[in-house]
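Residue numbers (this note's numbering), protein chains in the order written: chain A, 1 to 259; chain B, 1001 to 1235.
These aren't lab readings, by the way, just hints derived from the structure by calculation.
All figures in this text were calculated on a predicted structure; none of them were measured in a lab.
The beta-carbon is built from N, C-alpha and C at its ideal position, and this holds for glycine as well.
Warning: the hint list may mix true and false statements.
Between beta-carbon pairs, the in silico distance windows are [to be verified]:
hint : chain 1 : residue 1 : chain 2 : residue 2 : range
1    : A       : 89        : B       : 1061      : 53 to 61 Å
2    : B       : 1036      : A       : 150       : 29 to 37 Å
3    : A       : 145       : B       : 1204      : 30 to 38 Å
4    : A       : 233       : B       : 1054      : 28 to 36 Å
5    : A       : 80        : B       : 1110      : 27 to 35 Å
6    : A       : 125       : B       : 1049      : 33 to 41 Å
7    : B       : 1163      : A       : 89        : 53 to 61 Å
8    : A       : 133       : B       : 1127      : 49 to 57 Å
9    : A       : 81        : B       : 1107      : 44 to 52 Å
10   : A       : 133       : B       : 1128      : 27 to 35 Å
Non-contacting residues of chain A with respect to chain B, defined by C-beta distances greater than 10 Å in every case (computed) [to be verified]:
hint : residue
11   : 13
12   : 24
13   : 59
14   : 84
15   : 96
16   : 119
17   : 200
18   : 212
Some but not every residue of chain B turned toward chain A, in silico, with C-beta under 10 Å [what the hints assert, rightly or not]:
hint : residue
19   : 1073
20   : 1103
21   : 1121
22   : 1138
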Amino acid sequence: MPVEPMVVLDGVHKRYGDTAVLSGLDLRVERGEHVTLIGPSGSGKTTILRLLMGLEAVDAGTIHVGGRCLTHMRRRGAVVPADEKHARAVRRTIGMVFQQFNLFPNMTVLGNLIEAPVRVLGMSEAEATRRAAELLELVGLTDKTHERPTRLSGGQQQRVAIARALAMRPEVLLLDEVTSALDPELVAGVLRLLRLIGESSDITILCVTHEIGFARDFADRVLMFDGGSIVEDGPPERLLVEPRVPRTKEFLAAVLEGR
Amino acid sequence: MLDNLPLILSSLAAGVPPTVFAAVGGIALTIALSAVAGLALLSRHRAVRAVSRVYVEFFRGTSEVVQLFWIFFVLPALVGYQIVPLAAGIVVLGLNHGAYGAEIVRGAVRSVPRAQYDACTALSLSPWDRMRRVVLPQAVVEMLPSFTNLFIQLLKSTALLSLVVVDEIVRRGQLLVPNLGVGEKLTIYLVELLLYLGLAVLVTSGMRLLERRAAARVGRPPTAARSGFATGVAM
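For reference, chain A alone in the conformation it holds in the complex (with noise of 0.2 Å):
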C-alpha cells in the first residue's frame, strides 16, 4: 500500500510584486526523508519553507502536509483559501528554525520553550518544563536554563531555537540556513547537533544550506534550485559528486571555491 507522502507541493506559485519566486513548483517529500535545499540566493529555496510555515500565502497552487491541506479549505462543499483558524491547524505540525534564531528576548530560555506547549498544545507547566529539560540536556544547555537569550552566544540561541522547535513535537521540520548567521567556530556544534536529531527521529526535516559537506552526510536526497525551479533532484552521494546538470556544476563549483 502506497504510504502518503508528508510534504506535497503541487503547482505552486509565489511572485513578489514583479518577480516571479516559484513558477509551478511540484514536490513530493516522503515521511522521515531529510531533504537538503541548495542553490544560488534568489532561487526560491527560503520560499518553499516560508510557504510551507505559513509565513507567506500561495499566489496558485496547494500544499498539503500529513495529508491535510494547507492551504485551502472546504467551506460548504466549496474548496476556498485557508483562514487564519485553519492554518494553524494544519500548522501544528510543523516546527521551523531561522537564520537569526528569533527567540523571544522577553523570556528566559526556560520560557522559549515552554511557552507553545503550555498555550498551543495545552500541556501543563510542569509537564513542559520536564520536557524543557529534557530538550536543553539535548542540546548541551542545561546550565542556561534560566538565562536571557541576549546573554548566550550565537550558536547556544541557535541550539535553543532547535530545541524551541522540538518541543512542540513537530512532524516536519524546516531548517532555513540555520547556520548561516554563525561565527565559523560555532557552526560545528550545531551541524552535530542537527545530525544526531536526523539520525534518533523520525522527524521529516527540509533543511536550506550552503554547507555543502553537511548537506552530503546529513541529506537523504538533495535539491538543487535555480530560478524558482528545482534544475535537479537526487541523492547526495550522485548529486553533489557528479552532477548532471551544468548549473549544477557552476554552483557546487563556485561553493566549493569559496572555501
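We have chain A; now place chain B onto it with these hints.
Same frame as chain A, but now just chain B:
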C-alpha cells in the same frame, strides 16, 4: 518681603495635592486610552482604525484650553449636569494626552521586528497570545521613555485647571497676587516653578526605575545607557 514667605509657602503647598491628584488621575486615564486607542490604530478592521484615528486627530488637533471650556462650561448647558472641576480637568488631560500616547503605543508595537511575528507563527501561537506574551512586553520597553515625556507634559498642563477654578498650585498663587507687592510676586512665581520642577523630578525618577526594570526584562541595558546619553551620569 520675607514676612509673607510662610503665608506664600503654605498657600502654594495647599495647591500641591489637587495638582498631584489631577496629574495622577490624568496619567491613569492617559495609560488606559493610549493602550486602547493605540492598539485600535493597529486593528485589522478598518472601522476600528478609523474611530481611533478620529479620536487621535481631534484631541491632538484642538486646543486643550478650549476642550476644557467645552467640558466645563458648554457640556453642562447641553446636558444640564455640572461636572466637578477637578474631574473635568482629569478627563481633558487624559483625553488629550491619551491621543498622543496612542501614537506612542502604535509606534512601539510596530517597532517589534517582523522576525518575532515569524517565530510566533512557527510556534502556532494565536494572535492574542502573540500580542500579549511576545509583542507587548517588548513594545513596552520601547514606549516607556516617550511616556516619561508625555507624563511630564501632562503634569505641567495641570496648570490649565486654574482656568476652571480648581484650587491647584497656579490658582493658589493667583489668589495671593493681588494683595502683594512686586517682590512677593516674584517669590510666588519662583516657588511655583520649583514646585513643578520637584514634581517633574519625581515623575522622571519613577519612570527611570520602570525603564530600567523593563529593559532588564528583555535582557538589555536601559535606553539612555544604550544611546550613550547617560555617559556623564553613569560612567
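Going down the list of hints, with the structure as the test:
no. : hint                        : verdict
1   : A:89 to B:1061: 53 to 61 Å  : 45 Å, violated
2   : B:1036 to A:150: 29 to 37 Å : 31 Å, holds
3   : A:145 to B:1204: 30 to 38 Å : 37 Å, holds
4   : A:233 to B:1054: 28 to 36 Å : 56 Å, violated
5   : A:80 to B:1110: 27 to 35 Å  : 30 Å, holds
6   : A:125 to B:1049: 33 to 41 Å : 36 Å, holds
7   : B:1163 to A:89: 53 to 61 Å  : 58 Å, holds
8   : A:133 to B:1127: 49 to 57 Å : 30 Å, violated
9   : A:81 to B:1107: 44 to 52 Å  : 32 Å, violated
10  : A:133 to B:1128: 27 to 35 Å : 28 Å, holds
11  : 13                          : 21 Å, holds
12  : 24                          : 25 Å, holds
13  : 59                          : 19 Å, holds
14  : 84                          : 8 Å, violated
15  : 96                          : 4 Å, violated
16  : 119                         : 5 Å, violated
17  : 200                         : 22 Å, holds
18  : 212                         : 26 Å, holds
19  : 1073                        : 47 Å, violated
20  : 1103                        : 23 Å, violated
21  : 1121                        : 6 Å, holds
22  : 1138                        : 5 Å, holds
Checked against the numbered hints given earlier, the structure breaks hints 1, 4, 8, 9, 14, 15, 16, 19 and 20 and satisfies all the rest.
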